[in-house]
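Q: Sequence:
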Amino acid sequence: MLKSTIDTVPYPFDHRPVFKSGKPGQTSDENTTLSIVRGRIPSLQASQLRTMMLEASHNPSKILLHASSYDGLSSRLIEEAGFPMIFLAGCPCASSYGLPGTGYIAMTEMCEKIQEAVIQVPVPVMADADTRYGSPMNVKRTVQCFA
Numbered sequence: 042m043l044k045s046t047i048d049t050v051p052y053p054f055d056h057r058p059v060f061k062s063g064k065p066g067q068t069s070d071e072n073t074t075l076s077i078v079r080g081r082i083p084s085l086q087a088s089q090l091r092t093m094m095l096e097a098s099h100n101p102s103k104i105l106l107h108a109s110s111y112d113g114l115s116s117r118l119i120e121e122a123g124f125p126m127i128f129l130a131g132c133p134c135a136s137s138y139g140l141p142g143t144g145y146i147a148m149t150e151m152c153e154k155i156q157e158a159v160i161q162v163p164v165p166v167m168a169d170a171d172t173r174y175g176s177p178m179n180v181k182r183t184v185q186c187f188a
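Following this note's numbering, the numbering of the sequence shown begins with 42 at its first residue and continues without gaps.
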């Protein structure tokens, strides 16, 4: 990245990527304390995102800056650019299939894009559920798929 395009103002959030020790693909036990946890399966990225959102809601000087992504590669580029979180938006994901962002892609296709992004980056990923993919009965299924 060119030095002239790098913002010199420090970001207001405490953002440090999580790097695991060892070789890629090697499993190990990691102990950490999560500040805000919901659901049956604790998630470090979800806890980080909730913490950033809570801090931003209490302090108007903290703006939760993010960029929109549509797959694993664009997510990696956004993370390398220094953004503390990634927003996986419905319209860019549909555009990656050559479709308009008007509800043409299915929930399973969106879930595949979410999985691609989450595998590639250590920062939190927030996804757009678009049309919720069906009736109110489908909301639970959508949330389970997106988690």
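In short, the hints are calculated from the structure, not lab data. A hint or two may mislead.
[Said to hold, decoys possible] Just the calculated beta-carbon pair ranges, DEER-fashion:
#, residue 1, residue 2, range
1, ILE104, ILE82, 28 to 34 Å
2, ALA108, GLN156, 18 to 24 Å
3, LEU118, GLY144, 38 to 44 Å
Here a beta-carbon is modelled for each residue, glycine too, at the ideal position from N, C-alpha and C.
Q: Hint by hint, note whether the structure agrees.
A: Comparing the hints with the structure gives:
1. Here the CB-CB span from ILE104 to ILE82 is close to 30 Å, well matched to the stated 28 to 34 Å.
2. For the pair ALA108 and GLN156, the beta carbons lie near 19 Å from each other, so the given range of 18 to 24 Å is met.
3. Checking the proposed 38 to 44 Å range against LEU118 and GLY144 shows it is violated: the Cβ atoms sit about 27 Å from each other.
Figure legend: structure checked against the earlier numbered hints; the only hint not met is number 3.
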